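*Asks:* Sequence:
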Amino acid sequence: MTASTDSSPASDGWHIAKAQSGQCQIVTAAELANLAESDKQETWGPFANQGEAVARRVGLIRAGKCQPS
1 MTASTDSSPA
11 SDGWHIAKAQ
21 SGQCQIVTAA
31 ELANLAESDK
41 QETWGPFANQ
51 GEAVARRVGL
61 IRAGKCQPS
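Going by this note's numbering, the final residue of the sequence shown carries number 69, and the count climbs one at a time with no gaps.
Certain hints may be false.
Below are the DSSO-like pairs computed for lysine-lysine, each with C-alpha atoms no more than 30 Å apart in a straight line [as the list claims (entries may be wrong)]:
1) 18 with 40
2) 40 with 65
3) 18 with 65
Rather than coming from a laboratory, the hints here were simulated on the basis of the structure.
Small disclaimer: the values here were computed from a predicted structure and weren't measured.
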């Protein structure tokens with residue numbers, strides 16, 4: 001298995017942002033900064049890569065903290 005390459009620098013990190021709708025989206029640190037405070041209720045991260053953020057989002061959905069898209 002090869003490591004996935006992400007389009008953004010690793011220093012940005014990946015975050016999970018929960019919207020008021022209850023759905024969680026995976027965003028970069030730059031995208032997280034651009035989200036309006038009213039658009040996000042909770043955030044998790046930073047995560048080292050996008051794959052780790054995806055795995056954590058799945059866990060949050062299973063735990064009932066996020067709604068599936």
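*Asks:* Do the alpha carbons of residue 40 and residue 65 lie within 30 Å of each other, as the hint requires?
*Replies:* holds, 13 Å
*Asks:* Next pair to validate is residue 18 with residue 40; report whether the Cα-Cα distance is within 30 Å.
*Replies:* holds, 5 Å
*Asks:* Checking one constraint from the list: CA of residue 18 to CA of residue 65, max 30 Å. Satisfied?
*Replies:* Since the Cα atoms of residue 18 and residue 65 sit roughly 9 Å apart, the hinted pair holds (cutoff 30 Å).
Checked against the numbered hints listed earlier, the structure breaks none of them; every hint is satisfied.
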